[in-house]
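Read off the chains here:
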Amino acid sequence: MNYIDPHIHMVSRITDDYERLARSGCEAISEPAFWAGFDRGSAEAFRDYFKQLTEFERNRAAQFGIQHFCWLCINAKEAENVSLSREVIALIPEFLDTPGVLGIGEIGLNKNTPNEATIFTEQVDFAASHEELILIHTPHLEDKYMGTRMILDVLASDSRVTPGRVLIDHVEEHTVKLALDGGYWCGMTLYPLTKCTPARAVDIIERVGVERIMVNSAGDWGVSDPTAVPKFVVEMRSRGHAESTIRKIVYDNPLSFFSQSKRFDFTPRD
Amino acid sequence: MTSTRLAGEILDRDFLAIRHAILNIAAGLDRVGDGRAVDSVAGDPRLERIHEALKVLAEGETGRAERVQMLFSRAYESNWRS
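Chains as they are written, first to last, in the working numbering: chain A, 1 to 270; chain B, 271 to 352.
Hints may be right or wrong, so weigh each one.
Unchecked claim - Quick list of in silico lysine to aspartate or glutamate cross-link-like pairs, DMTMM-like style, CA-CA up to 20 Å:
(1) Lys231/A <-> Glu329/B
(2) Lys177/A <-> Asp284/B
(3) Lys177/A <-> Asp282/B
(4) Lys111/A <-> Asp97/A
To be verified - So the derived label-pair ranges between C-beta atoms look like this:
(5) Gln260/A <-> Gly303/B: 32 to 40 Å
(6) Asp282/B <-> Ala156/A: 39 to 47 Å
(7) Ser244/A <-> Phe342/B: 12 to 20 Å
(8) Gln260/A <-> Ser273/B: 30 to 38 Å
(9) Asp16/A <-> Ala328/B: 29 to 37 Å
No wet-lab data here; the hints were simulated from the structure.
Even for Gly, the Cβ is constructed at its ideal location relative to N, Cα and C.
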């Protein structure tokens, strides 16, 4: 089955992974801007990173017949440095009209600090004032619930934010309903150890349904599996779910959400 | 949307995986218990939460995964902005 991976960090992956993705039916990917595993020292490092996302990775993906889209922002972890964050946010307009840029993301919280909340609020303001889609990173482990509630508080306090134009990512059993009940889209990340396994993701689908929900690999420089989405497909099939139901989650839903961006120049395969 | 499968079917399919997961928990706790100076972790809040989570597993009603997640989560503070 052809699918779209709506969250994967290909700058951290080797070219062989593109080949594996292509062989497993991946038709398109979206790559949020994120933390590189170490804190970058200057805004200029982000200028290079944004060029890598908007030019180099798009071309590298195309060599394997995969359409590449991306998001721009300062990530939650480096947002602890407020002055650097503001310099990076000031760079974004330079890249915003590049084909394939879907919006602002993945913004959010990491350890739920006041500095992170300040920069998250400023990036929500940036996205709202530029009428951009928003992709949100929710924190890890014990910080996820509190951080998700804080994120929802910030979103609800900005009347320009339309929930249907926001994707809240890395939801799990205790946060998925918070996102869906607020009218937001949500993503489940399939990880070998943390976040969701394919089986737990299908359990969640069976509880909350298939509207406004998608799954991703969030493959990056850490322990992760770039071909996790096909494993979710196999788990859905093994439980007897219809192909149309599976396709809605791994293809139609990402397509519907991304289509709200004027720069989503996606061409479906015949 | 709910599961269309029979509980018996699910148990047939998942029994070994559940058994595997429980054995991993048992072995992990044994590993901690067999470690040197085990008394030093007697009051560790992480162990307390693990033992609370094990009680949740033994409860009859579903929604255990969500309740375990909440056990391992920091509580929401509505005055976080102040």
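Here is how each hint holds up against the structure:
no. : hint                              : verdict
1   : Lys231/A <-> Glu329/B             : 30 Å, violated
2   : Lys177/A <-> Asp284/B             : 26 Å, violated
3   : Lys177/A <-> Asp282/B             : 30 Å, violated
4   : Lys111/A <-> Asp97/A              : 31 Å, violated
5   : Gln260/A <-> Gly303/B: 32 to 40 Å : 53 Å, violated
6   : Asp282/B <-> Ala156/A: 39 to 47 Å : 45 Å, holds
7   : Ser244/A <-> Phe342/B: 12 to 20 Å : 36 Å, violated
8   : Gln260/A <-> Ser273/B: 30 to 38 Å : 32 Å, holds
9   : Asp16/A <-> Ala328/B: 29 to 37 Å  : 45 Å, violated
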